[in-house]
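Undergrad: Listed here are the chains, written in short residue letters.
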Amino acid sequence: MRCQYDCRSTDHLLGRRRFLGGLASGVGAVAAAGGIGIGGAGLGGLLAANPAMADQMKGKQKRILNIFLHGGVSQLESWDPKPGTDTGGPFRAIPTSVPGIQICELLPHTAKQMHHLSIIRSLDTKNNDHGRGQEEMTTGHKRIPGTEYPHIGAIAAKTLTPNQFALPGHILIRGGGSGSNRSAYLGPKYASVVMNEGKPPQFTQRPESLTPEADLRRNRLRSTFNDRFAGRRRTADTDAYTFSFDQAQDLLSQRRVFELEREPEADRERYGTSEFGSHCLLARRLLEHDVPFVQINHSNYDTHHENFDFHIEQLGEFDQPFAMLLDDLHQRGLLDDTLVCVMSEFGRTPRINARYGRDHWGKSWSIVMGGCGIQRGGVIGSTNDNGTEVTDRVVDHGHVVHTMLQAVGVDSLSEFDISGRKFPVADPAKGPIGELLA
Amino acid sequence: MNDQPAADDAVEPTTSDAAKAPVIDPEQTRLLSEQAFERPLTACHWDPLDRFLFVGSEDNGIQRFAPATGEITQFVGPHDSWVRAIDTTPDGAETLSGGYDGRLVWWPTGAEKPEPIRVVDAHQGWIRALTVSPDGNRIATCGNDHFVRLWDRHSGELLNTFAGHQWHVYNVAFTPSGDALVSCDLRGFVNVWNPGGDAAKETSEAAAGEGADVAVGSVVGPLRELPQVETLYKYDNTFRADIGGARCIAFSSDGGRVALGGVTNVTNAFAGVGDTSVVLVDITTGEPSALFAPKDKIRGTAWGVTQHRDQFWVVLAGGGGGGWFYFWRDDEPNEFFKFKLKNDGRGMSVSPDATRIAVAHADRQLRIYALYADPTET
Chain A
150 MRCQYDCRST DHLLGRRRFL GGLASGVGAV AAAGGIGIGG AGLGGLLAAN
200 PAMADQMKGK QKRILNIFLH GGVSQLESWD PKPGTDTGGP FRAIPTSVPG
250 IQICELLPHT AKQMHHLSII RSLDTKNNDH GRGQEEMTTG HKRIPGTEYP
300 HIGAIAAKTL TPNQFALPGH ILIRGGGSGS NRSAYLGPKY ASVVMNEGKP
350 PQFTQRPESL TPEADLRRNR LRSTFNDRFA GRRRTADTDA YTFSFDQAQD
400 LLSQRRVFEL EREPEADRER YGTSEFGSHC LLARRLLEHD VPFVQINHSN
450 YDTHHENFDF HIEQLGEFDQ PFAMLLDDLH QRGLLDDTLV CVMSEFGRTP
500 RINARYGRDH WGKSWSIVMG GCGIQRGGVI GSTNDNGTEV TDRVVDHGHV
550 VHTMLQAVGV DSLSEFDISG RKFPVADPAK GPIGELLA
Chain B
-18 MNDQPAADDA VEPTTSDAAK APVIDPEQTR LLSEQAFERP LTACHWDPLD
32 RFLFVGSEDN GIQRFAPATG EITQFVGPHD SWVRAIDTTP DGAETLSGGY
82 DGRLVWWPTG AEKPEPIRVV DAHQGWIRAL TVSPDGNRIA TCGNDHFVRL
132 WDRHSGELLN TFAGHQWHVY NVAFTPSGDA LVSCDLRGFV NVWNPGGDAA
182 KETSEAAAGE GADVAVGSVV GPLRELPQVE TLYKYDNTFR ADIGGARCIA
232 FSSDGGRVAL GGVTNVTNAF AGVGDTSVVL VDITTGEPSA LFAPKDKIRG
282 TAWGVTQHRD QFWVVLAGGG GGGWFYFWRD DEPNEFFKFK LKNDGRGMSV
332 SPDATRIAVA HADRQLRIYA LYADPTET
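Line order of the protein sequences matches chains A and B. Here my numbering runs 149 ahead of the position in the first sequence, where the first position is 1. Number 76 in my numbering belongs to position 95 of the second sequence; there are no gaps in the numbering.
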C-alpha cells in the first residue's frame, strides 16, 4: 500500500531523529527528564523526598494503569459483597476508608485505600465468553466478526504519548503468554510492548559480541539504505519497519527503565516476592517514567471449582501490592495524573455451583476506577440483595472506556483520522459515566 | 473431623430399618432417606449416641436433625461465616462447630433451645477442620493461619499452638489412642504432633502469634515432619494457583496409618479436572503404604474417607463426574464396588453402629444410605 501522507510528518521525522541521535543521546534525554536513577534513589525516591518536585510533576503527563484480573474475578468476593445471602459465599464484608462503603474481607489493604477509588457495581455486559469479554472491556466496542478495534492502551499511546518520548507508549506486563494488545487501525506503533514475566522487552540488550561502535556503523549503513529506498518507494509498511528499528534503538537506550533491580531494595522487599508484587513495582517505575499506558495482567480468576479457596490465594496476592502501589502513586504526586482501573472480562455467577465454584457472569458485576479525573470514594450503581440483577445505573464496556479516556483528558467522542478515514475514538453509541468524572 | 466409627457397644440405631444388626454388604448400598434443607449443605456429623445428625450449610450456623422425629433445630448466633467442621464429644454432651470466621463454638448437643456454651476466636481466617480427642478431653483445630491448635474441652483454654506448616492446614486427626495428632496442609505436607505438648523443635511464640488477634498459648513444633505427599498437590502453571491438600482424613483402625484424601492428576485446577485419590501414609516412616484410585477415570475429589469396622474403606467423591461412594480394600489399588449418588457429596459421616452413611449434598439434601440389603426384599 502506498503511503498516503507527507514524508515529513512529525512521527516520521521524530523517528529519524531518534535513530540518528543514537544510544548516548537517548540515555541523556531520559536522565535530563529525571528518568534514570540519580544517586541510586531513582525518580520515585527523588519525588517522594521532594514534594516540590512532585508538585511540578503534576499535570505534566496523563497516564493510565489498567490491572486486568484474568478469568473474571468474582464481584461477590471483591467489590460487591453480599454476606449472609444465598449467593454471598463464606466471606464477610469489611469497612473501608470511605464511610459507608464495604468491600470483601479478602481485600483488607485495598480497603484502607478506598478513598482513592470508586466502585462501579452495575456492569451488565451481556457476555459470558472470555475472549469476547477481554476484547469488549479493553476496546469499549461490542465484538463484531471481521472488525478489529484498538485496545484502550493503543488509544492511550496514540493520544497521550508526548513528542520525543523515547519509551513505548503502551506496555503490557504479564506472567506469560503470547500475543500483544492490538492496535488495529491505529497501526503497529501503538500495539503493546510486552514484558513477559516482568522481564525487559525482548532483544533490548546488545549482544556482547557486538561493540557499540560496530553497532553504530551497522545502523548507519542500514539507515543509508533505508533512506535511499524510502526516498522513492515509501509505503506504510516500510514506515512500520522503520518505526520498529527506531523503537528497538530506543528500547536499547532505555533498558534501564525496565530493570526492576534498579529499584531500591527496601521497595522490592516491601512489594514482596510474588510475581504480581514485582509487577506492581515495575508498573510504578514505568509510570514514574511517564509511560502513558501500563497494563498488568494478573492470572487467574476463572474459578469454576473451589472459587473461595482460589480467591483467597489470588486476591491474597493482589491485595497488598495493589494497595501499596496506589498509596505510592499518591505519596509521589502521581495519582492525580494517573487513572487506575481494575477490571476483568466479566464477573462470576452469584449462584454457587456444586463444586464450590462460580461460573461466568456478565449480567451484574463490578470494577473499580480511581486517580486521575475520577470522583473518588464513590459507588456507581447497585445490585439487588443477592447480586443477581443490576437495580440502578446499568453501564457496560462502552461507558467504561469512554470514562477512562475522558478521565485522562482524551475526547472520547471525537474521531481518529487515519489516512483520511474517520474512526471513532470510542463507541459513538455510548458515552462516559458523567457522575464518575471529576 | 475425626470420622471414626464408634465402638460396638453404641446404642441401638434409631433409623436403621433392620430389626437385628444387619449384615454389612457395601454392594447392597441403597438410599434410605433424604431430608431437604434451605441451603446447599457443606458438612454433616452423626452424634455418637445416634440421636442426631448435625449439618453445616451455606449460611452462618449449624442445624440439628433428629432422624427419628424429623425435627430440625437451628444452632445460630456466634458464627458469621460458613461452618464446615463439626464434631461431638464421645459422651454426646457437647457439639463443637468451627467456622470460616475462625470461631470455635461449644454447643449443648441435645438442648431444646440451644445457646452457645462457649465461643473462642480460635484461628485467624478459616477453621478448616476440628476433631475431639478419643478421651473427649481435648479439641484440635486447624486453619488458614497455618496453625494446629489444641484446646481444653472443659475450660476452653488454649493448650498448645502447633507451628510448622507453611500453608493452609486442611485437616487434622487424632490417632485412635489419642497419643498423637496428624495434620496435612494444602501442599500435602504432613506433620505429626504430640498432644502432650513436647516437641522435637521449639518454635518462637512471636513467630506463631505475629499479627494474630487470637490467643497463642505455648508454641511447639512438630514431633515429626513426614515427606510431602506429592500426589495430593499441584501448582497449576496455567492458572497460577495451588490445588491440593487433604480434603478428608481418617486413621486406620490400628492407628499406624493415616488416610489422606483429595485430588490428583490435576490438569485444570479451576475446572476441577483431576482424579479422586486417597493415600495411606505410615505415620512413623511417612511412607505411602497404599494408594487408592478409581478404576474409571471419573473426575472428582475425595471429600470423605473412613475405615469401616469391617476393614474396608469408604471414600466419598464429588466433582465433575458427580457424587460417588467408592468401597476399597487397601490391598487393592481400585474399588471393589462403587455407588452413584444422586448429587455431589461434600461431607460424610458414618452412623455409630456403622450401618449407615450420611452425606451432605450440594443439592440441599442430607441423604442417609444403608450399607445392607433391604430386608423387605429378601
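Hints were generated in silico from the structure; no laboratory data involved. Think of the CB as a built atom: it goes at the ideal place given N, C-alpha and C, for glycine as much as any other residue. There's no promise every hint is true.
Stated by the list, open to error - The following label-pair restraints were derived from C-beta to C-beta distances:
| id | chain 1 | residue 1 | chain 2 | residue 2 | range |
| --- | --- | --- | --- | --- | --- |
| 1 | A | Glu414 | B | Ser270 | 46 to 52 Å |
| 2 | A | Glu418 | B | Gly106 | 54 to 60 Å |
| 3 | A | Asn533 | B | Glu52 | 30 to 36 Å |
| 4 | B | Asp312 | A | Asn502 | 35 to 41 Å |
| 5 | A | Asn502 | B | Val4 | 54 to 60 Å |
| 6 | B | Glu52 | A | Glu418 | 53 to 59 Å |
| 7 | A | Ile293 | B | Gly267 | 57 to 63 Å |
Undergrad: Please flag the earlier hints that this structure goes against, numbers listed from lowest up.
TA: Hints 2, 5 contradicted; others consistent.
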